[in-house]
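A.B. asks: Sequence:
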Amino acid sequence: MAPNANPIESTLVIVVDDDPSVANSTCRLIRSLGMRGEAFFSGADLLNSGRATEASCLILDVRMPNLDGLQLQRCLKQTKPSIPVIFFSAHAGQEEEDQALRCGAVAFLRKPVRKDDLLRAIRMALEPTS
-4 MAPNANPIES
6 TLVIVVDDDP
16 SVANSTCRLI
26 RSLGMRGEAF
36 FSGADLLNSG
46 RATEASCLIL
56 DVRMPNLDGL
66 QLQRCLKQTK
76 PSIPVIFFSA
86 HAGQEEEDQA
96 LRCGAVAFLR
106 KPVRKDDLLR
116 AIRMALEPTS
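Using the working numbering, the first residue of the sequence shown is number -4, and each one after it goes up by one.
Read the hints as simulated data drawn from the structure, not as lab findings.
As the structure is a prediction and not an experimental result, all values here were calculated from the model.
Don't be surprised by glycine CBs; every beta carbon is placed ideally from N, CA and C.
Mixed in with the good hints, there may be bad ones.
Restricting the straight-line Cα-Cα distance to at most 30 Å, the calculated cross-link-like pairs of lysine-lysine (DSBU-like) are [stated by the list, open to error]:
1. K72 - K110
2. K110 - K75
3. K75 - K106
4. K72 - K106
Using C-beta positions, here's what the derived DEER-type ranges look like [what the hints assert, rightly or not]:
5. T74 - R109: 27 to 35 Å
6. R69 - G45: 12 to 20 Å
7. T74 - D111: 30 to 38 Å
8. S27 - E90: 29 to 37 Å
9. S27 - M119: 13 to 21 Å
10. S5 - T74: 15 to 23 Å
11. P60 - N19: 12 to 20 Å
12. L96 - K75: 18 to 26 Å
Model the full assembly from the supplied sequences, consistent with the hints where possible.
C.D. replies: In structure tokens form, the structure reads like this:
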């Protein structure tokens, strides 16, 4: 790696939330941290794009119409099992949180998400496993 290369700049964090304002503002925050952020407004949009396999990390809303975040997580585990997933939700119950964490989510955050909490979760998700 070149001495001036910044690996964080090549980090792609994909946000999937059916609320465009939440998805877009989360992506702006991710970009302000020096990473690449891309927003999708449904799980189907992400799956149809083919971009999921390029992501370094996914941030998924739990409750979305048609394909919710937990279902999307299961679908993506089949194509890229090692992708770190962070969930966030304003309305999810304890059972949904427990299920997300049992299925391998790195973190489960409650909306509105504090910038520091999101940054901490992203850093945890991107830490190399030994």
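A.B. asks: So which of the earlier hints does this model not fit?
C.D. replies: none
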